[in-house]
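S.K.: The residues making up each chain are set out below.
2 protein chains.
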Amino acid sequence: MKNISFLMKYKDADIYIKRDDLLGFSFGGNKVRIVEKVILDMKKKGCDHLISYGSRTSNLNRAAAHLAEREGFSCTVIFKEDGREGMPFNEWFVKESGAESIYCGPDRVRETVEGALRKAEELGKKPYYIYGTPDGTGNEAVLTEAYTEAYDEILEFEVSEGISFDHIFLASGTGMTQSGLMAGAISHGHKREIVGISVARDEKKGTEAIKRALYARLHRETDLRIHFLDGYRSGGYGASDQEVRELCRHMLSGHGLPLDPVYTGKAFSGMLREIDRKKLSGPQLFIHTGGLPGVFDAACKDMLS
Amino acid sequence: MKNISFLMKYKDADIYIKRDDLLGFSFGGNKVRIVEKVILDMKKKGCDHLISYGSRTSNLNRAAAHLAEREGFSCTVIFKEDGREGMPFNEWFVKESGAESIYCGPDRVRETVEGALRKAEELGKKPYYIYGTPDGTGNEAVLTEAYTEAYDEILEFEVSEGISFDHIFLASGTGMTQSGLMAGAISHGHKREIVGISVARDEKKGTEAIKRALYARLHRETDLRIHFLDGYRSGGYGASDQEVRELCRHMLSGHGLPLDPVYTGKAFSGMLREIDRKKLSGPQLFIHTGGLPGVFDAACKDMLS
Chain Z
35 MKNISFLMKY KDADIYIKRD DLLGFSFGGN KVRIVEKVIL DMKKKGCDHL
85 ISYGSRTSNL NRAAAHLAER EGFSCTVIFK EDGREGMPFN EWFVKESGAE
135 SIYCGPDRVR ETVEGALRKA EELGKKPYYI YGTPDGTGNE AVLTEAYTEA
185 YDEILEFEVS EGISFDHIFL ASGTGMTQSG LMAGAISHGH KREIVGISVA
235 RDEKKGTEAI KRALYARLHR ETDLRIHFLD GYRSGGYGAS DQEVRELCRH
285 MLSGHGLPLD PVYTGKAFSG MLREIDRKKL SGPQLFIHTG GLPGVFDAAC
335 KDMLS
Chain Y
35 MKNISFLMKY KDADIYIKRD DLLGFSFGGN KVRIVEKVIL DMKKKGCDHL
85 ISYGSRTSNL NRAAAHLAER EGFSCTVIFK EDGREGMPFN EWFVKESGAE
135 SIYCGPDRVR ETVEGALRKA EELGKKPYYI YGTPDGTGNE AVLTEAYTEA
185 YDEILEFEVS EGISFDHIFL ASGTGMTQSG LMAGAISHGH KREIVGISVA
235 RDEKKGTEAI KRALYARLHR ETDLRIHFLD GYRSGGYGAS DQEVRELCRH
285 MLSGHGLPLD PVYTGKAFSG MLREIDRKKL SGPQLFIHTG GLPGVFDAAC
335 KDMLS
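Chains Z and Y, in that order, are what the protein sequence lines are. So in the numbering used here, spot 140 of the first sequence is number 174, and the numbers just go up one at a time. So in the numbering used here, spot 225 of the second sequence is number 259, and the numbers just go up one at a time.
Be aware that one or more of the hints could be misleading.
It does not matter which identical chain is used: a pair holds within one copy or between any two.
[To be verified] Heads up, simulated BS3-like pairs for lysine-lysine below, C-alpha to C-alpha not over 30 Å straight-line:
{"id": "1", "residue 1": "Lys335", "residue 2": "Lys129"}
{"id": "2", "residue 1": "Lys36", "residue 2": "Lys160"}
{"id": "3", "residue 1": "Lys245", "residue 2": "Lys78"}
{"id": "4", "residue 1": "Lys312", "residue 2": "Lys153"}
{"id": "5", "residue 1": "Lys43", "residue 2": "Lys78"}
{"id": "6", "residue 1": "Lys225", "residue 2": "Lys238"}
{"id": "7", "residue 1": "Lys71", "residue 2": "Lys36"}
{"id": "8", "residue 1": "Lys225", "residue 2": "Lys77"}
{"id": "9", "residue 1": "Lys114", "residue 2": "Lys335"}
{"id": "10", "residue 1": "Lys129", "residue 2": "Lys245"}
{"id": "11", "residue 1": "Lys114", "residue 2": "Lys239"}
FYI, nobody ran anything at the bench for these hints, they're computed from the structure.
All chains, full assembly: derive it from the sequences and hints.
M.R.: Below you can see the structure in the form of structure tokens.
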């Protein structure tokens, strides 16, 4: 499960990569690891219907649909309507799965979740909303668990190789992956920087979500500084710029590494710029959080443009 | 590199899978392993320009373009013209790489290869045609090497787990992967069935190519029977049928396993039908030979239909 290896030298930094895109279930990625923990929690609570929510490009939604089907659970996937033309691959894979797909505007999420919960109950199911309560909070302890474990995998690797990563970089959206890693660091008393490169939220919103998740996980306040960088968003969620797209092209063709321009590509680009800015040297770790369908979404978009 | 694990029970068979789709370079797959050996051979011979040939959906072409770029070699990819609309992802990734793409009809391959060799030489390069001579033979010993090694990985797994695979199933196109595995079995004196499910060629043509490759690899005749099944081609190269597509859908949604309907999906379907037909029981191995871009090609096609 570790999947950590040396990737490339960049200036004075040695970039290592943790390939969680290669987990082997449903195109891999952090969301598969996270939903595996959700499934365990569902079993513990006797639930048999999973409700997920996210954008039409959401890897979480796709992981939820596939893992629910594997377990024989029914599943409702709620997509945030965005009015965009063309169907992203993650949306397609959800629609091809056994999950029910529904759509709602961003201002109607709570009611839609409540409706889905009610409907499942009426069908005799015991439903579980992936984020907790219908307002989307309360399940942070479960959603962060996978990457607290992943932190231990990183430690094992460091011990076995006799190296120590100065920084850990990753794409950060809702912050659950970053919070999990940070909780791991905190529990070991480590002070190293775990740097989330925001793919959407501004620093304030992102930092608050991580604080909340850390409290849910650790049951105490922490003084570990939260590094949630919002300067590499290249136009916000789902968007990207020429520089990031060119980096993705280069990393795939020249290093065989698939990065998508809206999640991991932004994070990788942000990491390189941080290495430049702070003149980092020595071993740095990048966590590849998956999102392979986005690599193909981007290719489709480029083909048509 | 082994990547072997238990996948699922099917009737009395225990299906194990070797995930060579998860190699981690350029969407993985057997062709990446095979081209890695080509690159080593190029270095041994002092070559610095790789020429590849294949269909527009060819994973070999894409692996060649990406591995050549990684090495800093120049590369010419020759695509077989097929007049089909829409661009397959493998063709797209080649065009996005640093490789030069050229197209030719299936009756003009030799001349096109000769032209590409000449042009590279004129530019001061030392070119290397992936299949050997311009008529497409002569390099079987190199092209089969990777899966002779893979056979040893399978053995290692069997020894460490205390099991023995009755049959090894895989998608078979030009037969290089199958020949490599068979050479491994022969060198160990093993008689087990290595079953290639043809994705295109008929039994006669497929068997002859494998015989030729085995001779090139082993320098002697062999009496190991060649199992190259052409009854599961579902319409031939690049085609597929409803049953295979439904199996692909089911394996992705319910088992998290991405299969494409023109290579690995056909092979997986063929394996299940062979298990039925021959009432196989106990451990059977399926080699996932990759071809992830084809999963997305198929999704695109289904979306539009």
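S.K.: Could you run down the list of hints and mark each one as holding or not?
M.R.: Checked hints:
1. Lys335 - Lys129: both (20 Å within a copy, 15 Å between copies)
2. Lys36 - Lys160: This pair counts as neither: shortest intra-copy Cα distance 34 Å, inter-copy 40 Å.
3. Lys245 - Lys78: Result: close within a single copy only, 26 Å intra versus 56 Å inter.
4. Lys312 - Lys153: neither (52 Å within a copy, 46 Å between copies)
5. Lys43 - Lys78: Between copies only: 25 Å across, 45 Å inside.
6. Lys225 - Lys238: Within one copy only: 21 Å inside, 65 Å across.
7. Lys71 - Lys36: Both: 17 Å inside a chain and 26 Å across chains, each within 30 Å.
8. Lys225 - Lys77: Answer is neither; intra-copy 35 Å and inter-copy 45 Å both fail.
9. Lys114 - Lys335: both (20 Å within a copy, 25 Å between copies)
10. Lys129 - Lys245: For Lys129 and Lys245, neither the intra-copy (34 Å) nor the inter-copy (45 Å) Cα distance is at most 30 Å.
11. Lys114 - Lys239: within (19 Å within a copy, 52 Å between copies)
The structure shown violates the earlier hints numbered 2, 4, 8 and 10.
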